[in-house]
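Chemist: Make a model of the complete structure from these sequences and hints.
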Amino acid sequence: MKTTVSLPDDLFARADESARRQGISRSRLYAKALSEYLGRRRAAEVTARLNEVLPDEPEGLDPALAMAQSEAIGREEW
Numbered sequence: 001m002k003t004t005v006s007l008p009d010d011l012f013a014r015a016d017e018s019a020r021r022q023g024i025s026r027s028r029l030y031a032k033a034l035s036e037y038l039g040r041r042r043a044a045e046v047t048a049r050l051n052e053v054l055p056d057e058p059e060g061l062d063p064a065l066a067m068a069q070s071e072a073i074g075r076e077e078w
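Using the numbering used here, you'd call the opening residue of the sequence shown number 1 and step up by one each time.
Don't take each hint at face value.
As the list claims (entries may be wrong) - Distance windows between CB atoms, simulated: (1) 11 with 48: 19 to 29 Å; (2) 41 with 10: 15 to 25 Å; (3) 50 with 20: 33 to 43 Å; (4) 67 with 12: 55 to 65 Å; (5) 16 with 54: 37 to 47 Å; (6) 10 with 43: 23 to 33 Å; (7) 49 with 9: 33 to 43 Å; (8) 10 with 59: 40 to 50 Å; (9) 69 with 15: 40 to 50 Å; (10) 9 with 36: 21 to 31 Å; (11) 1 with 61: 45 to 55 Å; (12) 45 with 13: 25 to 35 Å; (13) 47 with 3: 26 to 36 Å; (14) 3 with 49: 21 to 31 Å.
It is worth saying that the hints were derived from the structure and are not from the lab.
Each residue gets a CB set at the ideal place from its N, CA and C atoms; glycine is no exception.
Modeler: Laid out in structure tokens, this is it:
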């Protein structure tokens, strides 16, 4: 799909140079950047939702579980 966007001149120039250095089109650079941005936003949204659902969960590994894992690893043959 084609679209038109407005960018500050300095951002356009930096993006243009980055695309040139990577040997890709500006369109491809913008698509990659937007995809990465949206992926990060999605991950942040998932984390925020999990924090809403589990606000009172203690952080870190339960000490008893940590001890059991440590003991099991100590007996494991590598």
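Chemist: With 55 to 65 Å as the target window, see if residue 67 and residue 12 comply at their CB atoms.
Modeler: 57 Å, holds
Chemist: Note whether the CB distance of residue 16 and residue 54 lies within 37 to 47 Å or breaks it.
Modeler: Roughly 44 Å apart at Cβ, these two residues keep to the hinted range, so it holds.
Chemist: For the hint 45 to 55 Å, verify it against the beta carbon of residue 1 and that of residue 61.
Modeler: 47 Å, holds
Chemist: Is it true that the C-beta distance of residue 9 to residue 36 lies inside 21 to 31 Å, as the hint says?
Modeler: 23 Å, holds
Chemist: 23 to 33 Å was suggested as the range; check whether the CB atoms of residue 10 and residue 43 agree with it.
Modeler: 28 Å, holds
Chemist: Could one say that the CB atoms of residue 47 and residue 3 fall in the range 26 to 36 Å?
Modeler: Holds - the Cβ-Cβ distance for residue 47 and residue 3, about 30 Å, lies within 26 to 36 Å.
Chemist: Is the hinted range of 25 to 35 Å satisfied by the C-beta distance from residue 45 to residue 13?
Modeler: 32 Å, holds
Chemist: Looking only at beta-carbon atoms, does the pair residue 11, residue 48 fall within the given range of 19 to 29 Å?
Modeler: 28 Å, holds
Chemist: Look at the Cβ atoms of residue 10 and residue 59 and judge whether their distance stays inside 40 to 50 Å.
Modeler: Holds: the Cβ-Cβ distance is about 41 Å, inside 40 to 50 Å.
Chemist: Check the following: the C-beta atoms of residue 3 and residue 49 are separated by a distance inside 21 to 31 Å.
Modeler: Holds, at about 30 Å.
Chemist: Indicate whether the distance between the beta carbons of residue 69 and residue 15 respects the range 40 to 50 Å.
Modeler: Since the Cβ atoms of residue 69 and residue 15 sit about 47 Å apart, the hinted range of 40 to 50 Å holds.
Chemist: Just to be sure I understand the hint, the distance between the Cβ atoms of residue 41 and residue 10 should be within 15 to 25 Å; is that true here?
Modeler: This hint holds: roughly 24 Å between Cβ atoms.
The structure agrees with every numbered hint stated previously.
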